[in-house]
Amino acid sequence: MSSLDIQRRSATTTEPPQARHSVEVAKLIDVSTCIGCKACQVACMEWNDLRDKVGHNIGVYDNPADLTDQSWTVMRYTETEQNGKLEWLIRKDGCMHCADPGCLKACPSPGAIIQYTNGIVDFQQEHCIGCGYCIQGCPFNIPRLSKKDNKAYKCTLCSDRVTVGQAPACVKTCPTGAIHFGTKEAMKDYAETRIVDLKSRGYEKAGLYDPQGVGGTHVMYVLQHADQPQLYSKLPDNPHISASVQLWKGWTKPLGLAGLGLIALGSFFHFVRRGRKVAEDEYAAREKSLATVQTSQSDQPPAERV
Amino acid sequence: MEPNPNLIQRYTPSERSNHWMVAILFFLAAFSGLALFHPALFWLTNLFGGGAWTRILHPFLGVAMFLFFLILALRFMHHNILKSQDRQWLKQIKQVIANEDEHLPPVGRYNAGQKLLFWVMVLCMLILVVTGFMFWQPWFAHYFPIGLSRLAVLLHAFSAWVLIAGILVHIYAAFWVKGTMQGMLTGFVTRIWAKVHHPLWYKEVSDNEKQS
Numbered sequence: 001m002s003s004l005d006i007q008r009r010s011a012t013t014t015e016p017p018q019a020r021h022s023v024e025v026a027k028l029i030d031v032s033t034c035i036g037c038k039a040c041q042v043a044c045m046e047w048n049d050l051r052d053k054v055g056h057n058i059g060v061y062d063n064p065a066d067l068t069d070q071s072w073t074v075m076r077y078t079e080t081e082q083n084g085k086l087e088w089l090i091r092k093d094g095c096m097h098c099a100d101p102g103c104l105k106a107c108p109s110p111g112a113i114i115q116y117t118n119g120i121v122d123f124q125q126e127h128c129i130g131c132g133y134c135i136q137g138c139p140f141n142i143p144r145l146s147k148k149d150n151k152a153y154k155c156t157l158c159s160d161r162v163t164v165g166q167a168p169a170c171v172k173t174c175p176t177g178a179i180h181f182g183t184k185e186a187m188k189d190y191a192e193t194r195i196v197d198l199k200s201r202g203y204e205k206a207g208l209y210d211p212q213g214v215g216g217t218h219v220m221y222v223l224q225h226a227d228q229p230q231l232y233s234k235l236p237d238n239p240h241i242s243a244s245v246q247l248w249k250g251w252t253k254p255l256g257l258a259g260l261g262l263i264a265l266g267s268f269f270h271f272v273r274r275g276r277k278v279a280e281d282e283y284a285a286r287e288k289s290l291a292t293v294q295t296s297q298s299d300q301p302p303a304e305r306v
Numbered sequence: 001m002e003p004n005p006n007l008i009q010r011y012t013p014s015e016r017s018n019h020w021m022v023a024i025l026f027f028l029a030a031f032s033g034l035a036l037f038h039p040a041l042f043w044l045t046n047l048f049g050g051g052a053w054t055r056i057l058h059p060f061l062g063v064a065m066f067l068f069f070l071i072l073a074l075r076f077m078h079h080n081i082l083k084s085q086d087r088q089w090l091k092q093i094k095q096v097i098a099n100e101d102e103h104l105p106p107v108g109r110y111n112a113g114q115k116l117l118f119w120v121m122v123l124c125m126l127i128l129v130v131t132g133f134m135f136w137q138p139w140f141a142h143y144f145p146i147g148l149s150r151l152a153v154l155l156h157a158f159s160a161w162v163l164i165a166g167i168l169v170h171i172y173a174a175f176w177v178k179g180t181m182q183g184m185l186t187g188f189v190t191r192i193w194a195k196v197h198h199p200l201w202y203k204e205v206s207d208n209e210k211q212s
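Protein chains in written order, with our numbering: chain C, 1 to 306; chain L, 1 to 212.
Each hint should be verified, as a subset may be incorrect.
[What the hints assert, rightly or not] Cβ-Cβ distance ranges computed for the label pairs, FRET-style:
1. C/E287 to L/I71: 35 to 43 Å
2. C/G266 to L/K210: 39 to 47 Å
3. L/S14 to C/Q124: 42 to 50 Å
4. C/D281 to L/S212: 27 to 35 Å
[Said to hold, decoys possible] Chain L is nowhere near these chain C residues, computed Cβ spacing over 12 Å in every case:
5. D62
6. V164
7. H180
8. D189
9. E282
[Stated by the list, open to error] Here are the simulated BS3-like pairs of lysine-lysine, each with C-alpha atoms no more than 27 Å apart in a straight line:
10. C/K38 to C/K85
11. C/K288 to L/K195
12. C/K288 to C/K277
13. C/K277 to L/K94
14. C/K53 to C/K147
15. C/K147 to C/K188
16. C/K234 to C/K53
17. C/K147 to C/K38
18. C/K85 to C/K199
19. L/K203 to C/K151
20. C/K148 to C/K38
21. C/K85 to C/K205
22. C/K38 to C/K151
23. L/K210 to L/K91
24. L/K195 to C/K277
25. C/K205 to C/K188
26. C/K288 to L/K178
27. L/K94 to C/K288
28. C/K277 to L/K178
29. C/K188 to C/K38
30. C/K85 to C/K234
31. L/K195 to L/K91
32. L/K83 to C/K288
33. C/K151 to C/K53
34. L/K203 to C/K277
35. C/K277 to L/K83
36. L/K203 to L/K83
The set of hints was computed from the structure by calculation and includes no laboratory data. Glycine included, C-beta positions come from ideal geometry on N, C-alpha and C.
Sequences and hints are given; from them, build the entire structure.
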């Protein structure tokens, strides 16, 4: 994607280029047809040339146990009892590509985080300064700082593949067709047919996870229990950019900057209008007024002074 | 060399060095911090070798500033205890600003404004150093839960703002009251300066001179 396709750029206060428009894309993950084979994890490693170090089995299927700078997507497994039946819920975790990305809002380095007009949020590691503010901004706990190079990494939604009209690697490889890719509208339409199907099979609360608290996402889930996203390895019910991040990165910044400028300007004009406190002048003035008082007192009674 | 009888010592060489170390580190920490505070000031990262270097250096500069400030604060703390007459001085702050000092209550080594600024700076420095550790990448940030470090960045930015605003006032006030800057640079102030701006302190100093 070229600079024509940039919709938002971190730490940039002017308008992005707007001459060209493109449709929003989305990845749809149908949790109800995922079998947890981790082919998507392998495809992600393969396409992006990532090799996480071999970790340890922590007693559950999750492997690697968490996202890292080398693992941009991981399957998270949950066992739960719903309506008296055991359910094994498997969620492919990774960047949600929010329409209102908290990482981008928090990033202090111009151009280190880019949102393209198709909705993909991409980190530009060459501009990353390693402050970790993107981690603070993200409502989904996704970005990871590399211990080797102190740069932040996460899923790119295979922006390099999407640019040339290919689906992301995880979509391409999914053996059950649980991961779909297309325009956001098409993905919503397809999700609707899945939800109707799930409802007919007794999952009355089946629904689409496209949280509006972050303006919607460009990675969406079809959930059997859309009323309880928390069931799916703590997927947030109502994700939004934290209020303290909003306050930290909101109107307070330009106001604060203006405030400092005003203090400096105010000081200068105080000097221009009032001048400095000069001890010698002050002292002379005091001596003089003291002398006047003393002479006038000795000359005549104060009552007669006019 | 005979000491100039018109001058009296206000700051020892150690006190001056300490003050100026804090001042230099303040400028470095403030510029590197402001560079990341608002995009309009990101160009300040050029002074430190780019964005990544600014991010790497800022916390070290900040901690160094804090340590030198701690020594300075311990040195000057006992001069900055607020007393009852300070309240009256603050009530007449309008006259202070208007340069109508003749009706102000007599001031000791520091006036109420200086004392107040001292304690605000102490508070800001403490908040800055504590919150700074809470999101210092890559060594300390991961010891703190995300909710806490989100609050920490907000508090850090806020107290840095108060600190910078306070120091702007501090710098202007030092220029405003002629002879003050000289005091911190050379260590000496004129007798008239002391008599007019800090009469109670001057009395103390001259009493000591008579005794010795």
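We went through each hint and held it up to the structure:
{"no.": "1", "hint": "C/E287 to L/I71: 35 to 43 Å", "in the structure": "41 Å, holds"}
{"no.": "2", "hint": "C/G266 to L/K210: 39 to 47 Å", "in the structure": "43 Å, holds"}
{"no.": "3", "hint": "L/S14 to C/Q124: 42 to 50 Å", "in the structure": "48 Å, holds"}
{"no.": "4", "hint": "C/D281 to L/S212: 27 to 35 Å", "in the structure": "32 Å, holds"}
{"no.": "5", "hint": "D62", "in the structure": "20 Å, holds"}
{"no.": "6", "hint": "V164", "in the structure": "31 Å, holds"}
{"no.": "7", "hint": "H180", "in the structure": "31 Å, holds"}
{"no.": "8", "hint": "D189", "in the structure": "36 Å, holds"}
{"no.": "9", "hint": "E282", "in the structure": "5 Å, violated"}
{"no.": "10", "hint": "C/K38 to C/K85", "in the structure": "25 Å, holds"}
{"no.": "11", "hint": "C/K288 to L/K195", "in the structure": "16 Å, holds"}
{"no.": "12", "hint": "C/K288 to C/K277", "in the structure": "17 Å, holds"}
{"no.": "13", "hint": "C/K277 to L/K94", "in the structure": "14 Å, holds"}
{"no.": "14", "hint": "C/K53 to C/K147", "in the structure": "12 Å, holds"}
{"no.": "15", "hint": "C/K147 to C/K188", "in the structure": "38 Å, violated"}
{"no.": "16", "hint": "C/K234 to C/K53", "in the structure": "26 Å, holds"}
{"no.": "17", "hint": "C/K147 to C/K38", "in the structure": "25 Å, holds"}
{"no.": "18", "hint": "C/K85 to C/K199", "in the structure": "16 Å, holds"}
{"no.": "19", "hint": "L/K203 to C/K151", "in the structure": "61 Å, violated"}
{"no.": "20", "hint": "C/K148 to C/K38", "in the structure": "26 Å, holds"}
{"no.": "21", "hint": "C/K85 to C/K205", "in the structure": "15 Å, holds"}
{"no.": "22", "hint": "C/K38 to C/K151", "in the structure": "26 Å, holds"}
{"no.": "23", "hint": "L/K210 to L/K91", "in the structure": "35 Å, violated"}
{"no.": "24", "hint": "L/K195 to C/K277", "in the structure": "13 Å, holds"}
{"no.": "25", "hint": "C/K205 to C/K188", "in the structure": "17 Å, holds"}
{"no.": "26", "hint": "C/K288 to L/K178", "in the structure": "21 Å, holds"}
{"no.": "27", "hint": "L/K94 to C/K288", "in the structure": "24 Å, holds"}
{"no.": "28", "hint": "C/K277 to L/K178", "in the structure": "6 Å, holds"}
{"no.": "29", "hint": "C/K188 to C/K38", "in the structure": "24 Å, holds"}
{"no.": "30", "hint": "C/K85 to C/K234", "in the structure": "20 Å, holds"}
{"no.": "31", "hint": "L/K195 to L/K91", "in the structure": "22 Å, holds"}
{"no.": "32", "hint": "L/K83 to C/K288", "in the structure": "31 Å, violated"}
{"no.": "33", "hint": "C/K151 to C/K53", "in the structure": "18 Å, holds"}
{"no.": "34", "hint": "L/K203 to C/K277", "in the structure": "21 Å, holds"}
{"no.": "35", "hint": "C/K277 to L/K83", "in the structure": "24 Å, holds"}
{"no.": "36", "hint": "L/K203 to L/K83", "in the structure": "18 Å, holds"}
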